[in-house]
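Asker: Next come the chains, spelled out residue by residue.
2 protein chains.
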Amino acid sequence: MNEQEQWQELGQQLRVDSVRAAAAAGSGHPTSSMSAADLIAVLLARYLRYDFDRPQDARNDRLIFSKGHASPLLYSLYKAAGAISDEELLSFRKLGSRLEGHPTPAIPWVDVATGSLGQGLPYAVGMALAGKRLDRLPFRTWVLCGDSELAEGSVWEALEHAAFYELDNLITIVDVNRLGQRGETMHGWDLGSYVDRARAFGCHALEVDGHDVAAIDRAYAEALELKGRPVVIVARTIKGKGVAEVEDKNGFHGKPLDDATHAVAELGGERKLTVSVAKPNTEPARHAFPSGPLALPRYQPGEHVATRKAYGEALAALGLARGDVVALDGEVSNSTYAEIFREALPERYFEMYIAEQQLVAAAVGMQTLGWRPFASTFAAFFSRAYDFVRMASISRADICLVGSHCGVSIGEDGPSQMGLEDIAMLRSVHDSTVLYPSCANQTAKLIAAIVDRPGITYLRTTRAATPVIYEADEQFEIGGSRVLRSSETDDVALVAAGVTLHEALAAAEELAADGIACRVIDLYSVKPIDEQTLREAAAETRAIVTVEDHHAEGGLGEAVLQAFAGSESPPIVVTLAVRVMPTSGTPDQLLAEAGIDRTRVAQTVRTLVAERSTAAGARES
Amino acid sequence: MNEQEQWQELGQQLRVDSVRAAAAAGSGHPTSSMSAADLIAVLLARYLRYDFDRPQDARNDRLIFSKGHASPLLYSLYKAAGAISDEELLSFRKLGSRLEGHPTPAIPWVDVATGSLGQGLPYAVGMALAGKRLDRLPFRTWVLCGDSELAEGSVWEALEHAAFYELDNLITIVDVNRLGQRGETMHGWDLGSYVDRARAFGCHALEVDGHDVAAIDRAYAEALELKGRPVVIVARTIKGKGVAEVEDKNGFHGKPLDDATHAVAELGGERKLTVSVAKPNTEPARHAFPSGPLALPRYQPGEHVATRKAYGEALAALGLARGDVVALDGEVSNSTYAEIFREALPERYFEMYIAEQQLVAAAVGMQTLGWRPFASTFAAFFSRAYDFVRMASISRADICLVGSHCGVSIGEDGPSQMGLEDIAMLRSVHDSTVLYPSCANQTAKLIAAIVDRPGITYLRTTRAATPVIYEADEQFEIGGSRVLRSSETDDVALVAAGVTLHEALAAAEELAADGIACRVIDLYSVKPIDEQTLREAAAETRAIVTVEDHHAEGGLGEAVLQAFAGSESPPIVVTLAVRVMPTSGTPDQLLAEAGIDRTRVAQTVRTLVAERSTAAGARES
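For the record, the sequence lines run as chains A and B. With this note's numbering, letter number 379 in the first sequence gets 621, and the count goes up by one each step, no holes. With this note's numbering, letter number 448 in the second sequence gets 690, and the count goes up by one each step, no holes.
Check each hint, because a few of them may be wrong.
Stated by the list, open to error - What follows is a list of derived Cβ distance ranges for each label pair: (1) A714/A x K514/B: 55 to 61 Å; (2) A456/B x D830/A: 46 to 52 Å; (3) P543/A x D501/B: 34 to 40 Å; (4) V822/B x P350/A: 48 to 54 Å; (5) K521/B x G425/A: 51 to 57 Å; (6) L468/A x K514/B: 46 to 52 Å; (7) R528/B x E853/A: 54 to 60 Å; (8) S809/B x D830/A: 43 to 49 Å; (9) G808/B x E330/A: 30 to 36 Å.
If you're looking for bench data, these hints aren't it; they were derived computationally from the structure. Source: prediction; values computed, not measured. The beta carbon of each residue, even a glycine, is placed where N, CA and C say it ideally should be.
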């Protein structure tokens, strides 16, 4: 057999194994795997540089199946590379198997989870960007996309950024099999429509017959030679290729073939080819940026400093201390104050423009190579990237997201700019961390604390300058809280964070003058939450009042309620939150309109104390 | 003055008024308004067809400021059109003024809120699609975009769909002023880069000098003549045009001019031009689709039917009954069962391909014209469009979103396809409705109930076929619940919905055999929630156990906890929810792994009853 015949045979093996894996599982996407089998066969046999024994080696090429449902093909590739056994291949989609329905990093050779379409390419942009600008290694990033997923805007955000950053180390292979889940795509086999788009977005694009291994070989060779631009290879393929019953037919997406035995026979039977995948050149060393001592900014208690400003200053300090810290922002760095990092460390700052999906995806991509990304935009605009955040948690990604301009307290800009769902959104992500500091010193300390935090970490900052309330040397643990006022005779505990903590403190001051004692708890760590301190407050006061600049659902108040779930004697908890549609106005006006200002907090406490006194009086009488 | 001079004067007036409005507010975006003033002047004076006295008239053109921060320009346009007074103009951004920082439908001539960039154009696609296919009226949809926002993938989803649906009634004006919030855009004044992209996406695109009123006039005339394709007019403009201090300079985004008086003088002073805006031709009548009696599908109790299937069948029935109902889906209509509607009513079905942002945006656009859209995809994938959902609530949009494949119960496909944050995401939207039926008859009734529901309504459907538990004639109110089992001596109340309701019922059955009585509450309306029934359960049982196929944060459990916020004696509430990272497996395996199956429910109740007995015993002894 000559080389091309070997590639064809390998393609058939990948098809056979895809069919077998789906048959064993009783579900899965064999036909979407069969269309791309020849593209992957040539890649594996001749172009991929990967050491399956050392997946952590940054010098490896990256391979991402953006069309994650073609997992049978990916797993068949692993088998062909000798990385998994045939037995493991057939554990596909079974409980306990790492070979899940869509790839996840439970598999050591998978960097990012895919399965939500249009995400693999944006992640790859982050990896390729790291390869060019951070690691400075010659690895290539290969992405297999489906044609259906090119309808996702995130794909065009990715190609736009790839071209802008001249990512010639990024090669996108589009498997144009014409058929989506429920029928034909918008463009069918009009390969030119994709090529034109990719070129207009600044990529080098070429068409290829995705079942002609010689043509595929030439396309890959051309891709490797090109400098200065990302390459998009648009391949005409046939869904279900090789099995007449399903070839190019609608209605066979996402299901095993009816007669797998017959299909395997039609494909020429099982094969036992093993590819000795070329390993990367291990000579180049990763670039490292200098590290140094950490000198966080220090603020004077009483001084007024916006926590967003403290974020920028702390991040710059952290970046000087740690060469692995990088920052990304979505064209609002002068509002989030990520610009302070950019000015200090321009090599490690990445402008992602107004493309929040790509912003988060680039962070996810970079962390696969060990970088510690901080991505910032307005809190509200992380909602644009929520699917990426959700998937990042499935990717076991370690990223820090920092959202500014939270809540009605931003004032005149109005509701479109107000983060009012961000805590709910981030809390509900698996194993996430949600922090909401109220003071510049606290913000700086928390920024330093989260750099090594696993999972998705979200920190919410405030637009307005607020008083510094903690000393610069105070330490803040993730999962902790601070009791700012307390006495043995506290009537009510006020639980707040961020801007409303200052309202709670003012209310407590006002109430103290009337003889009502309030405990004030700074719940800066919304998730994980300090259950112990809350329990003590519940035991030692008559009621808890939570107050937050966020909608009532899924926020700080419900986090407190959840902390008492299962409790034998849950306390009275009153949840003050934004329950109106905000408008424009001054911050103070809007806090009042939303019922989360000091006046409303004080009123609420007075009512509670009066009711409880009456109730107690009634019981005594 | 000839016509062109009048346009120039009008442009200057719009600039002057933008400067004055921002000066009066002390904030806002005058420079972003000044760049587009000439484009808007010519549009208003010659091309727009709009009756400001009859904003509800479907025959009006639509005008959307996708760059919502150019609100001073929009409000200055209203003044020039005689729709608002100068006094009102100067109320910009003040509490109580409808002229908010970014436009919202508090203003009668604003159809959709903007301010999150890259959204105006996708909404416009929905309006233009309605104009072509539903209303069948000759109105035009004009969109003013900024250049920065073209980095958002949603813009390309929109142009892709606009071209695919041949929306020649959609004219996009791109104000290329080169400068974003914090610096230059990716492409600066390279107008060709935008033109190439728009053409590759199937649009007719042209370049124009955005300060040459004659050229603008010619471009608009060309746009109106073109058939079969959307038009994109890429205009070279100067940010802050007309005031030397800020013209084409960085650092003046989003702030009033330092010396407004001087700037107004430099612009030639205040003017008092009023434009008599041409009204639309009121001859054409809106197309109406036939209506008829409502014949919802009926299912036999005991039969196994997936609620997603019932959704499709009920929606088709609703569509036959009501000519204003339309359906949209994101290329998964064979999974969501929206395909049943498509087959019955193809004229009112819109395939939005794998572009969830455009899916939701099209629904929002269509409802501005009075259509009642139902948009469906997997529950998980609405996270892709969360920013659009959030903004839709600010738009006061009335839309129904239906998410299938919720929770771990989908089984083998794995976590990327599981909606586990969707309740949190939708609950936290202002004034939203969140429903989660467990039975096909219930689903059908709820679909009929939500068609006239104001605001954002979300209904969650289940992949698996589950038993029909209600009679076809039973009625279900939004905000209601159903007590499926109860007695005077209930030990514990189980609160569930959807797939876990069936687990709760099975657990109750099992426990009854052991002499433990469970009340079972079907909490199909998660928001609004039936507080009364929950309060009765709290009063009449020892504890409440919630069980949901969703993450613990922001879901059904926290909705129940929130229902007791402020309560004088809150009950014991145990919240069973998904607290693990799911994998692939069978539905039953995954429900068990997540601790939300019948076995875990029964165990939880047994432990609760035992603890309470012990506690009671301890107190008695």
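Asker: Using the Cβ atoms, figure out if V822/B sits within 48 to 54 Å of P350/A.
Answerer: Given a distance of about 21 Å, which is not inside 48 to 54 Å, the answer is violated.
Asker: How does the Cβ-Cβ distance of A714/A and K514/B compare with 55 to 61 Å: does it lie in that range?
Answerer: Because 57 Å falls inside the window, the suggested range holds.
Asker: Given the range 46 to 52 Å, decide if the beta-carbon distance of L468/A to K514/B lies inside it.
Answerer: violated, 60 Å
Asker: At the C-beta level, are A456/B and D830/A separated by a distance inside 46 to 52 Å?
Answerer: At roughly 49 Å between Cβ atoms, D830/A and A456/B fall inside 46 to 52 Å, so the hint holds.
Asker: Given a hint of 30 to 36 Å, does the C-beta separation of G808/B and E330/A actually sit inside it?
Answerer: Given a distance of about 54 Å, which is not inside 30 to 36 Å, the answer is violated.
Asker: When you take the CB atoms of S809/B and D830/A, is the distance between them in 43 to 49 Å?
Answerer: violated, 31 Å
Asker: Taking the beta carbons of P543/A and D501/B, is their distance inside 34 to 40 Å?
Answerer: holds, 38 Å
Asker: With respect to the beta-carbon atoms only, verify the hint that K521/B and G425/A lie 51 to 57 Å apart.
Answerer: violated, 42 Å
Asker: Just to be sure I understand the hint, the distance between the Cβ atoms of R528/B and E853/A should be within 54 to 60 Å; is that true here?
Answerer: At 55 Å between Cβs, range holds.
Comparing the model with each numbered hint stated earlier shows that hints 4, 5, 6, 8 and 9 do not hold.
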